[in-house]
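Respectively, the protein sequence lines represent chains A and B.
To convert, take the position in the first sequence, counting from 1, and add 216; that gives this note's numbering.
To convert, take the position in the second sequence, counting from 1, and add 1452; that gives this note's numbering.
Just so you know, these hints were derived from the structure itself, not from any lab.
Just so we're clear, the structure is a prediction, and the values are computed from it rather than from any experiment.
Errors might be hidden in some of the hints.
Using 30 Å as the maximum straight-line C-alpha spacing, the simulated DSS-like pairs for lysine-lysine come out as follows [as the list claims (entries may be wrong)]: (1) Lys1499/B <-> Lys1559/B; (2) Lys1502/B <-> Lys1559/B; (3) Lys229/A <-> Lys1502/B; (4) Lys1559/B <-> Lys229/A.
Letter by letter, the chains look like this.
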Amino acid sequence: MARTLITSPATAKRGEVIELRALIAHPMETGFRPGADGLLLPRNLITRFSCRYNGDLVFSADLFAAVAANPYVSFFTVATDSGTLSFSWEGDHGFAQTETVALAVT
Amino acid sequence: MKLALQRRELLQLGAAGGLALLVRPAQATAFEMQSAIANYASGAPVKTGKLRFDIPPLVENGNGVPVTISVDSPMTAAEHVTGIAVFNERNPQRDVVRFTLGPRAGKAVVATRIRLATSQQLVAVARLSDGTFWSHSVDVLVTLAACLE
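Just need the whole structure built from these sequences, with the hints factored in.
Printed below as a string of structure tokens:
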């Protein structure tokens, strides 16, 4: 399990636009770099990030080799109902991780 | 009509005669980037404006360059941004990142960190719900390149 860092408000007013920031520890190996032995290091990328709000997809991103290591994404969403925000990362070699945070809407 | 045909013939002759060899690699990758953008826009015209692409013009370290893309849009169900993509000119791949947004985003602002292999031009393209595409291109100078080679 890779370490993740998610910044989201714990509470929000209904209709408020909230900022969500997500970071995951991952090397994002491009597959273009040679290692110490001169051979290309195998590609190991996170290719997709998505955010679901109570199960509804509100944001997603396709990441390519040009995204920096430990990919960081910041975006916004409208606070509609109390519930959970789930952040998912998918990548090469079957990498998949999901983290959830709770959001209380008043 | 006759003139157009003559020009076409001349270009074909020129290409056959090895004029393509004179095209510099930088222009070739710029062409690749344009075709990647055209592919993202599915051939629709990409206009300049509505979009702001924030990136430091002088990059000290190409391994992690913060970028912010903001689109001027009310983000309502009728009028919103459906996607934002970033393209580069001289990294090994033309694609950098593609975001998919919807009316629930509230605000069409996204940020991430990217790698840059060398000084080059970057283009951000936004896809709106009315089917139009808008872009903003930025030239950046990179002093320390991301280790790609």
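For each hint, the structure was consulted:
no. : hint                    : verdict
1   : Lys1499/B <-> Lys1559/B : holds (21 Å)
2   : Lys1502/B <-> Lys1559/B : holds (14 Å)
3   : Lys229/A <-> Lys1502/B  : holds (29 Å)
4   : Lys1559/B <-> Lys229/A  : holds (16 Å)
Every hint from the earlier list agrees with this structure, and none is contradicted.
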